[in-house]
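Going down the list, the sequences are from chains A and B.
Quick note on our numbering: the first sequence kicks off at 1 and runs consecutively.
Quick note on our numbering: the second sequence kicks off at 1 and runs consecutively.
In short, the hints are calculated from the structure, not lab data.
Where hints are given, some of them may not hold.
Just a few of them, taken from the derived set where beta-carbon distance is under 10 Å, the chain B residues facing chain A [stated by the list, open to error]: (1) 62; (2) 209; (3) 225; (4) 227.
Computed from a predicted model, the values in this text were never measured in an experiment.
Positions of the beta carbon are idealized from the N, C-alpha and C atoms, including for glycine.
As a plain string of letters, each chain reads:
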Amino acid sequence: MKAIFAKPWWPHLRAALILFHVIAITAGSIPVLVDERAMTKDAWQDPVAQEEFEKWAERLGGDWTAQEVELIAWSLANGLLDFQSAAKAPFEPYYDYLGTRQRWRMFPAAVKNPKRFRIDIQTDGKWETVYLMGSKEKSWLADYFDRDRFRSLLNLMAWESIDRTGFRMWVMAQAADQFPHADYIKVGFEVLPALKKTEAIAGNPPIPRSFSTGDWGGPEIVPLHIFREHRSP
Amino acid sequence: MITRSWQGWINLLSRTEGAEPLAACRIMAGIGVMSSLAIIIPSGVINILWTREGLVWYASEHAWLVNLLGEPSPAKVWTLVGITMVAGCGLLVGFFTRVCALLSLILFLNLIHINPSDGSAYDSVLTNQLFLLVFAGSGATWSVDCRRRTGKWSSLDPVPAWPRYIMIFQLVLIYFSTGLQKVSADWIPGGDLSAVYYILQDPFWRRFDVTELTARWYPLTQFGTLVTWLWEVTAPLLLLAFYFRATRNRKSLLRGLFNKVDFRLWWAVIGITFHVCIHLLMRVGPFSWITLSYYPALWSAREWRRRKRQKDAK
């Protein structure tokens, strides 16, 4: 190895390799307005996104309307995404196999309608929440769900259309096992609108707006006996 | 012009210096590797997230080592976790330092790629650091390797300085890129600066429910929003500060100002405060610690030694 370092071409090779690394990580860090998963017209119609356009239109003043801001933001976001994808493309294997990926999109916007994970079970016709994110009392399986990587997974499931079937089945199988008298289960996210400053000072608790389970790719209420029968010899 | 620039680049990368800053980065990264796994070991989350016993039937294509070994069974995954912990420990104490850095990188990458849906931002911060540590002479001092080589725990032997330069550049990229992506009207000055106030209400990331408190101290959260955004988008000023220090003989008002106050120190003070606040108020795993593992690179070994001499003299 020492013989190689003594060669006259070594400093040039080293400089070229380091330059390659610098270019690769710079290309990987090119900022975007939204990531590719949020580049859908549906996502942009979300009331929180629309409120953002209204705020920008107000701030820009003049004759700007929220629709014009949205139109320009859409084209800018597309352009930046295309540029970033093209710049990163030659380096993708370098990012994936050598750990040099640059993922620095952290808290780009405040979420006004945050979601929290919730599991309800029904026993003898009575519904009960057994897990509620952040609750000390409703903490079934909290030792899993509150852990670092599990929260990342739940966050992804809350906001993006990834396949959640395996996760749902796993939760339901656990419930069938650990609540032997329970009849039905609901697994999903509830929207918990963030409190405005005045509401928080007045001591108003946040009121959950909806408990969404249907978009998880399955029926809203699932009978647990299916899992028990499946498990029986 | 091109030849001169290329020669300048080669000269910059050929510099050597003491290994203390890189050793400090190495020690912190070793703790980062171990803590990022240790926080999920006791609960059994690993079985659920990374093995066939839980949610994963097939590892993603980038987990090449796991795929090479076959299906992600608990026995295989736990073996990899165990070896990664040992490699992280090796990095911490500086025992076969480069080998441990390489092992930590390969194994940690494979583990986090088994299930790409559970990734965190600190994964990339850590793997980028480990990648640089494979090439850095970070085991030259404060290490078992140093003890084996010289009979002492510390050494003044010079090592290449370029890994430290790249760490600084990487740090700037992280903050600058994340700052530029904070384009919401709640972040950018001129609006109500409510981003931090609302982020601290998100059940996914908040450590405590402090909504009422932050509402009462709302201007403080606005200040936090403003400082965070300004500090992140002006991160490239750190590179300018290094350039001004390297060209201190040239005269200019701005250069004089940057060098007089040691811009890096103030920049680091804000950064450390920022990460301590994040850690206290939010549940983002070892993100703050791992990012701070780059900070020792902000000062050269000569500056570290000078500071120590000044302290000793007092």
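Status of each hint after checking the structure:
1. 62: Cβ of residue 62(B) sits 5 Å from chain A, so the hint holds.
2. 209: It holds, given that the least Cβ distance between residue 209(B) and chain A is near 7 Å, below 10 Å.
3. 225: holds, 9 Å
4. 227: Nearest chain A Cβ about 14 Å off; hint violated.
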